[in-house]
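A.B. asks: Listed below, chain by chain, are the residues.
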Amino acid sequence: MTFLNFLISGISLGSIYAIIALGYTMVYGIAKMLNFAHGDVIMVGAYICFYAVSRFSLPPLAGVVLAMLVCTVLGMLVERLAYKPLRAAPSLAVLITAIGVSYFLQNTALLLWSSNPKVFPSVVGNGKIEMFGGQLTISHVTIVTIAACVIIMLALTWFTGNTRMGKAMRACSEDKGAAQLMGINVNATISMTFAIGSGLAAIAGVLLCSAYPTLVPTTGSMPGIKAFTAAVFGGIGSIPGALLGGLLLGVIEIFAKAYISTQLSDAVVFAVLIVVLLVKPAGLLGKQIHEKV
Amino acid sequence: MKLKLNKTTRKNFATYGVVILAYVLLQVMKGSLSSSLKGMLVPICAYVVMAISLNLTVGILGELSLGHAGFMSVGAFTGVTAAIALQNVIPAAPLRLAVGLAVGAAFAGIAGFLIGIPVLRLNGDYLAIVTLAFGEIIKSIFNNLYVGIDKNGMQFSLLSDKTNLAEGGKLIIEGPMGIGGIQKISTFTAGFILVMITLIIVFNLVNSRAGRAIMAIRDNHIAAESIGLHVTHYKMMAFVTSAALAGAAGTLFAMNYSTIMANKFDFNTSILVLVFVVLGGQGNMLGSIVAAAALTVLPEMLRTFADYRMLVYAIVLILVMLTTNNATLRSWFSRFSLKNREKEAA
Chain A
1 MTFLNFLISG ISLGSIYAII ALGYTMVYGI AKMLNFAHGD VIMVGAYICF YAVSRFSLPP
61 LAGVVLAMLV CTVLGMLVER LAYKPLRAAP SLAVLITAIG VSYFLQNTAL LLWSSNPKVF
121 PSVVGNGKIE MFGGQLTISH VTIVTIAACV IIMLALTWFT GNTRMGKAMR ACSEDKGAAQ
181 LMGINVNATI SMTFAIGSGL AAIAGVLLCS AYPTLVPTTG SMPGIKAFTA AVFGGIGSIP
241 GALLGGLLLG VIEIFAKAYI STQLSDAVVF AVLIVVLLVK PAGLLGKQIH EKV
Chain B
1 MKLKLNKTTR KNFATYGVVI LAYVLLQVMK GSLSSSLKGM LVPICAYVVM AISLNLTVGI
61 LGELSLGHAG FMSVGAFTGV TAAIALQNVI PAAPLRLAVG LAVGAAFAGI AGFLIGIPVL
121 RLNGDYLAIV TLAFGEIIKS IFNNLYVGID KNGMQFSLLS DKTNLAEGGK LIIEGPMGIG
181 GIQKISTFTA GFILVMITLI IVFNLVNSRA GRAIMAIRDN HIAAESIGLH VTHYKMMAFV
241 TSAALAGAAG TLFAMNYSTI MANKFDFNTS ILVLVFVVLG GQGNMLGSIV AAAALTVLPE
301 MLRTFADYRM LVYAIVLILV MLTTNNATLR SWFSRFSLKN REKEAA
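As you go down the protein sequences, you meet chains A and B in turn. Heads up, the first sequence stops at 293 in the numbering used here, and the numbers go up one at a time, no gaps. Heads up, the second sequence stops at 346 in the numbering used here, and the numbers go up one at a time, no gaps.
On the chain B side, residues computed to face chain A include the following (Cβ under 7 Å):
(1) V130
(2) N144
(3) L159
(4) A314
If you are wondering where the hints come from, they were derived from the structure by calculation, not from laboratory data. All C-beta atoms in this analysis are idealised placements derived from N, C-alpha and C, irrespective of residue type, glycine included.
Produce the complete structure using the sequences and hints provided.
C.D. replies: Right, dumping it as structure tokens:
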């Protein structure tokens, strides 16, 4: 039964990673850049929700929506001001700019909200369901997290497959030049991708802090790195890959903590990643592109 | 007799010259430097070496490494451990430091070789993420490693202190506490010498047959392979050299502080060094040196901004990247440069 408990908390953590990984993977798929500031957008989302709920006593759902709005605008603003001027620049320059944005967000948060840890109130309460005479406990946060992940996945799959904007996104990730020739507004599409990714980051931030309630300006960095790993794990650029990578990473992390060692859990996670990449160099669901001469 | 030097040689000598000049100037001004700046001289040297060594991987080999701090960590821990273990055998501090640097470089080189075997099979962003993963693994291992020394030799244990040292034994690496009680034997002169050695190694590698092969692989690995270059061999050569130099930098860095912890060498440190390399220009060693020195001093210079200094640092970083890489801004700036005006006049 403890195994099942660990599995469920692993899936819950993995769902959060998956939602964050979606932001990385979509942006990578379209703009071909590693957006290192994504982890910090999570943190901003969590802070917005925290203040909305605890200071202005808005209902939790309104807090989440507000956080999503702020993060969406923030994501689009960052893209417009920092990344768009560098569209033609070498990818390393964009990477360093993303790191600059990450520092900027962290330090702004530090100035606005101080480094004192905030205790994040769970947006869905602290209730839990007990099964099998109390042997199996599932908290409400876990259920909401997993449900949110499933809904987001279904919605995104539908969105990219059926809407005009979604199709434009896929076209841009395939070939930007050809997409432009077909009359697709590439800049608007990229902007939209950042908006969606950042909005999802806000949800991930709220869920993350509901499960692990300490909120500091650097809250987003480690989950950010892990989710980035998850995106690569599943094959960066692939939406189902982000889900698979996120879930696996979460489960492996919790199992490593439970059965191997708490301190070495990160090492185990990254070791698994390395082994997977050696066997499948483009990730689990990534497309292996053969180079032509 | 007029000495005719080619462009590369002149550029390399200019780089040596700048470093020597900076060293001499700082030695002369030493009395008038503020104490905080004086304390930063050794870290600056360490970061300069880090930047040059990462530039070898990123600029010359053309592979993005996000785990360079891992090699620094390996160098720091092994080098300092060696120096502490040999405290009674080698009483002369400079010699002990040299041995520490050599041990740190050797172990980091070995780590680079072991990591290079899987890493160099991948390419692009996948390679970058695996180096990131190795950096995190190295951090986790040093956070849980316990090393002690007693009359029976070195004792190792992982996760918790099970070294069971004999009477008179001494615990050197204490897991998450790192190494404490380090004798601060790093000096600015030692740092300067290490920078010079690093430059000599890197320039000689780059301007050799092997260096040209490495750059050929960077530019087009398929073409390089088809003319008979052993891609993995040359990639490994650059990667291991880079790792070993980073290890030496780590030892130098660690010997400047009384305690050193594994968490000091995390992802952020790797990124910091990468920022030096990209700002200084990929493949441009002098640029790396200047960027590393300037950006290490910058937060110190920004002290007047107090709480805002890291914010200002971030904004400066973004603005520099935008101005140097955006085509529109670049052409706007070039209107003011003298060279272009002459061109227009002619």
